[in-house]
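K.L.:
Sequence:
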Amino acid sequence: MEMTHEEFDRAVDDAIDLIPDELFRAMDNVVILVEEEPPAHSPELLGLYEGVPLTARDGGWGAGSLPDRIFVYRGPLRRMCTDREELVEEITVTVIHEVAHHFGIDDERLHELGWG
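Going letter by letter, the sequence shown gives residues 48 to 163 in our numbering.
Honestly, the hints are just simulated from the structure, not real lab data. Please note: incorrect hints may appear among the correct ones.
[To be verified] Taking CB as the label site, the calculated pair distances span: (1) Glu155 x Thr51: 32 to 40 angstroms; (2) Asp61 x His158: 21 to 29 angstroms; (3) Asp75 x Asp153: 17 to 25 angstroms.
Where is the CB? At the ideal position from N, CA and C, for every residue including glycine.
Could you put the whole structure together from the sequences, leaning on the hints where they help?
P.N.:
Set out below in structure tokens:
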């Protein structure tokens, strides 16, 4: 599925906008990045959360800590989808899935909730 970089970025922004305000405001020291491809050892990965979930942070965590990073991988998402609607939906699911990891929600629970 073809989508320009700008359109893809806009779809990621739209997915971020779907995060309820109270949860968005609770996100702390995290950045969401779009990358073309995932690491070579995981070529089909759609997204990745790297960081310390909010539930695992203690009182001394924040001083000097680099931001957590959420990656959304454009290549695999484009390749797995057959039309624009499906691609936008998968981008949304990927963003929500990775943001949930920032809140300490694991894959098992996400699958139970239908976000797997």
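K.L.:
All hints, please: hold or fail.
P.N.:
Going through the hints against the structure:
1. Evaluation of the 32 to 40 angstroms hint for Glu155 and Thr51 yields a pass: the beta carbon distance comes to about 36 angstroms.
2. Separated by about 24 angstroms at the C-beta atoms, Asp61 and His158 satisfy the suggested range of 21 to 29 angstroms.
3. Under the hint 17 to 25 angstroms, the C-beta atoms of Asp75 and Asp153, about 19 angstroms apart, fit the expected range.
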